[in-house]
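Asks: Chain order of the listed sequences is Y and Z. Numbered according to numbering that gives the first Met the number 0, the first sequence terminates at residue 92, and the numbering increases by one at each position without gaps. Numbered according to numbering that gives the first Met the number 0, the second sequence terminates at residue 100, and the numbering increases by one at each position without gaps.
Hints were generated in silico from the structure; no laboratory data involved.
Below, computed lysine to aspartate or glutamate pairings styled on DMTMM-like, alpha-carbon distance capped at 20 Å:
(1) Y:83 <-> Z:89
(2) Z:39 <-> Z:29
(3) Y:83 <-> Z:93
(4) Y:83 <-> Z:91
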Amino acid sequence: MIQGPVSTVLVAGALGFVTISIALLGRVLVGPTMQDRVIALNVVGSNVVVVIALLAAAMDRPAFLDVALVYALLNFLMSIAISKFTVERGGVL
Amino acid sequence: MVGSVLVAAFVAGGLFFAFVSAVGLYRLPDLYTRAHAASKSDTLGAVLSLTAVAVAFGVDVATLKVAMLAIFMLITSPTAAHAIARAAHEQDIEPWTRGEN
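My request is simple: use the sequences and hints to build the entire structure.
Replies: Below, the structure is given as structure tokens:
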């Protein structure tokens, strides 16, 4: 279904997203406030979702898309939970 | 073939906007501007790349899953950034201003 050159393009795109995510880990480490780290982690998580979807298309395995969906859901829940937790100090969670 | 050119264009656009969001996260001065850069340009980059995946799969059940994933990220990524920015505001983190005015 998926031809050779298209697969190469998709793998190259996934490599680019992985490089950008590794560069963003610097902001996760140095971010002055807690919220800076959470925002950078959220961006890294959505990049990981995109990488999983790109690899699913490149290797022609649609089952990987379920992994990407669950990862996107967990990424959203992580951001919401941390933001609630830093405000209420255990009042919500 | 038209499909492969379209896939390459969408992947390149997605990579460009992900790069813009990374530059914004590094270079902008405070939390709120960084949240702005991260939420908008990263959402656009993710949706463009998922469109490339959908084009690569063609007409299939997998395309429906990719479309659902794109819609989900389109909704949840700005929502998460908004929640984090509001949490920072409720913790009395001051926004950055240019000089004293």
